[in-house]
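Hey, can you work out the whole structure from these sequences and the hints?
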Amino acid sequence: MGEGDLLADVLRLAQREGALEGEALEAFLTALRERAELIVAQRLEENAWRRESMAGLEAELRAVAALPVTHVRQVRRRLLALADTLRREVP
Amino acid sequence: MISAVVPTRGGAERLRRYLPSVQASLAASGDTWEVVVVDDGATLASAFPGTRLLPVPEARGYGPAVNAGAAAAAGDLLLVLNDDVRLEEPAVRRMRETLLSRADLFAVAPAIRSPLAGCGDEGGKSARVKAGLIQIEEAPSPEPQATFYPVGCCYLCRRVTFLELGGYDDLYAPFFWEDVDLGYRAWRRGLASWYLPAAVCHHEGSATIGQRPMAERLRAWHRGGALFHLRNLQDRRLRAASFGAWAAYALFDGRPAVTEGLAEALRRFAGAGRRAAEGLSDAEILTRTGRP
Chain A
15 MGEGDLLADV LRLAQREGAL EGEALEAFLT ALRERAELIV AQRLEENAWR RESMAGLEAE
75 LRAVAALPVT HVRQVRRRLL ALADTLRREV P
Chain B
244 MISAVVPTRG GAERLRRYLP SVQASLAASG DTWEVVVVDD GATLASAFPG TRLLPVPEAR
304 GYGPAVNAGA AAAAGDLLLV LNDDVRLEEP AVRRMRETLL SRADLFAVAP AIRSPLAGCG
364 DEGGKSARVK AGLIQIEEAP SPEPQATFYP VGCCYLCRRV TFLELGGYDD LYAPFFWEDV
424 DLGYRAWRRG LASWYLPAAV CHHEGSATIG QRPMAERLRA WHRGGALFHL RNLQDRRLRA
484 ASFGAWAAYA LFDGRPAVTE GLAEALRRFA GAGRRAAEGL SDAEILTRTG RP
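One line per chain: the protein sequences are A and B, in this order. For the first sequence, our numbering begins at 15 and goes up steadily by one. For the second sequence, our numbering begins at 244 and goes up steadily by one.
None of these hints come from the bench; they were simulated from the model. Predicted model only: the values in this text are computed from it and were never measured.
Restraint-style ranges between C-beta atoms, simulated for each label pair:
#, chain 1, residue 1, chain 2, residue 2, range
1, A, ARG47, B, GLY409, 33 to 43 Å
2, A, ARG57, B, ASP478, 21 to 31 Å
3, A, ALA77, B, GLU256, 39 to 49 Å
4, A, LEU39, B, ALA519, 19 to 29 Å
5, B, LEU343, A, LEU94, 52 to 62 Å
C-beta: ideal position from N, C-alpha, C; glycine also.
Here's what the structure looks like:
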């Protein structure tokens, strides 16, 4: 099994098992297309969530400038928690 | 005799909290019983009252720990549990009655009330093929019914069947998909997993695994899923479709945890190979465990 080229490894194994011939190839291609659509849709959804979170973060930062100094510590805690959430959600 | 096997990894507090409910349910089962706590990593100071402590110095995860407990158990029935499970008192008695009433069962699985389950109950499972891969779905029901596999946090089975099946496959260690794999191997032999909603357990949910970083969990999830398909599927078209799905992940996913998990699966599979084809077909198993 090679290092670093997952696609080549998958295709080599698929070929060894006869998955790239005849009706098996048809099943291979159908699944590739359907799974690719799912993956792309999922990634788009995740990116939208991140964009939303970043927009929230930016709004919070803008709000900090308008706050009295005594409130800044509380806001900072909220921002750090939000940043922490974002970090945990990015695999 | 029922042997409850409870693997734990540094779960002293959870055991203190949940073991009394397990012991109470066993006491109300109508059978003799024991509790074997498998100490994965050997970090517990001493055995809990009324339990037998089985220290495993090298922590290898859930599957190997349960296998060690099953090998050391004295009972003819195995109650496999997580360390963060609270049983309602009639649960073990009800599971036992059902298991002993039918020779065609591998395991009886209770309703598992859990915050992790979308529908609130992760005990019943169905399966279908979606975009090249077997997709497992929650399948709660007010009535008993076949389930795709017994979720590893709580089920009752005959010890001899567990051992004849070879127990959990270490290839999946430290966690994820080993219970799916075991249930599938049982189905292959025509032995059903049976969801019994009248038996209820409460699961805190991933108390041990949940402490691991998300990237590690994602990697283990994809590694286990790929291994399950590679090791078990026999149908030529289903296998080809699963390769198509992995190719899509390799091309389009891009998350290192996912691609690393798949690469690990290929490496592990290379040393293990596909299982024998004897028994029910993949289509028959999916028909028996799918939902319309």
